[in-house]
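Can you make the complete structure from the sequences, with help from the hints?
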Amino acid sequence: MVYFLIFVSAIFVNNVVLSQFLGICPFLGVSKKIDTALGMGAAVTFVLVLATIITYLLQMLLDKFGLGFLQTIVFILVIAALVQMIEIILKKISPSLYQALGVFLPLITTNCCILGVAILVANSTYSLPEGASYGLWTGTWFAFCTAIGFALALVLFAGLREQIELSDTPKAMKGTPIALLTAGLLAMAFMGFSGVV
Amino acid sequence: MANKALTTFTNGFLKENPTIVLVLGMCPTLATTTSAVNGMSMGLATTFVLLCSNIVISLLKNLIPDKVRIPAFIVVIATFVTIVQLCMQAYLPALYESLGLFIPLIVVNCIVLGRAEAFAAKNPVGLSALDGLGMGLGFTCSLTVLGMIREILGTGKVFSFTLFPDDFGALVFVLAPGAFIALAYMMALAGKLTKK
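For the protein sequence lines, the chains are Z and V, in the order given. Mapping of the first sequence onto our numbering: position 63 corresponds to residue 92, and the numbering continues sequentially without gaps. Mapping of the second sequence onto our numbering: position 147 corresponds to residue 142, and the numbering continues sequentially without gaps.
Simulated from the structure, these hints should not be mistaken for lab results. Hints may be right or wrong, so weigh each one.
[What the hints assert, rightly or not] FRET-style restraints, in silico, Cβ to Cβ:
1. Z/Leu99 to V/Lys62: 20 to 26 Å
2. V/Lys10 to Z/Lys203: 16 to 22 Å
3. Z/Val37 to V/Pro119: 53 to 59 Å
4. V/Gly109 to Z/Leu99: 23 to 29 Å
5. V/Asn57 to Z/Gly58: 29 to 35 Å
[To be verified] Now the stretches of chain Z that chain V is said to cover, found in silico as 3 or more residues with beta-carbon under 8 Å:
6. 43 to 55
7. 207 to 217
Predicted, not measured: the structure shown is a model, and the values here were computed from it. Yeah, the Cβ is synthetic: ideal placement off N, Cα and C, and Gly gets one too.
Quick look at the structure:
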C-alpha cells in the first residue's frame, strides 16, 4: 500500500520537474519531439535507479568512516563513472538500444535530477507518505517512480511543444519563453494533485 | 590586453548572460528565486565556485590528460562546492536550510562545467578568472532580478522590505508555476530589448 502511495506522490503530487525543479535543462532542451522525450525518459529511468542503489550503499560506507563531507564529490564521480560504464555495456549488449538512446546518455551526467534524487535518498530527506520508513527499497522505488514522473512530464511537454510549433506565437515569445510559459501552466495543472496523498 | 580583459568580464552580464541568452543553469534559477535574498545568495555561491574552479582548471590545463578531462574538471568543481557547502552550513545556517538541496547541485550546474570546458581549459589564468567572475556575477544579477520580481508579485515585499500590503501578493509567483511564468516573460522582455 505504501508503495502505491509513493508511486502516486512521486509522479503526480511532487513531480520532480514541475514542483521540485530538478532536471529542467533536459526538460527544456530535449522536449521538442515526443520520440526524443521518450528516449530521454527511458535513459534517465535506467541511470537513476542504478545510481540510487549504488550511492545509497556508498553513503552507508562513507558514514561508517565519518567521511560524510565527501558526499558530493563521491556521488558525482560515481554517477559520471556509471554513465560511462552503461554506455560501454549498452554498446556491447544492445547496439540498437544504444543507438536509440544515442546522445542522451552522456548528457545525463549533468542532469540535476540524478544527483538531486541520489542525495535526497542517501540523506533520507525525501517526503514519504505516512507509515513508510526510509530504507534501500523505499528509496529505490521512490527513485524509479521519480524517473517515471520525469518521463511523464517530458512527454506531456513534448506533445504540447509540438503543437505550439504549429501555432502563431508573438516574435519575442518564440522558442524558450513560450515553452517556459507552457511549463508554468503545466506546473499549475499538476498543483491540482497536491493534497491527494 | 586590457580591452580583451574588459570584454571577457562584461561578456557574462549581457551578451552571453547564462540565464537569458545561454539558457543554462535553469534548475537553480527556477528553484531558488523564491525571494531576492535566496536568489542572490545562490548566485554568489555559484560565482565563488565558478571563479575558483576556472582559476584552478586554467592553472592545471596543461597537466590534465585529454581523456580524463571531464572527470578531472568534475573533481575540481566538486571540491569547491563542498567547501561552499561546509562554510554555509557553519556560518550561514538559515540560508543553508532555505537553499537546501541546490547547494550541492551547483556541481552539475551546466554553467560551471560549461565555462571550464569552453574557456578555462583554453585560456590563461587571468582571463579565466575574469570570465568566471563575469559569468557568475551575470548569473547572480539575473537570479536577483528574478527573485525580486517573484518576491514583489508574490508577497509584496522585497529583501524583506514591505512595499505593498500583504494581500497584494499572488501566491502563485512564489510557487512552482510562477517561476516558469516570471522567467518566460523576463526572457521575452530581454530578447525584445536586445533585438532593437
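Evaluation of the provided hints:
The given range of 20 to 26 Å is respected by Z/Leu99 and V/Lys62, whose C-beta atoms sit roughly 24 Å from each other. Checked against the hint of 16 to 22 Å, the C-beta distance between V/Lys10 and Z/Lys203 comes to roughly 20 Å, which is consistent with it. Between Z/Val37 and V/Pro119 the Cβ separation comes to about 54 Å, which falls inside the hinted range of 53 to 59 Å. Taking the beta carbon of each, V/Gly109 and Z/Leu99 are about 25 Å apart, inside 23 to 29 Å as hinted.
The given range of 29 to 35 Å is respected by V/Asn57 and Z/Gly58, whose C-beta atoms sit roughly 32 Å from each other. Given as covered by chain V, the segment 43 to 55 of chain Z passes the check, having 8 residues with a CB less than 8 Å from a CB of that chain where 3 are the minimum. Coverage of the segment 207 to 217 of chain Z by chain V holds in this model, with 9 residues showing a Cβ closer than 8 Å to a Cβ of that chain against a need of three.
Violated hints: none; the structure is consistent with every hint.
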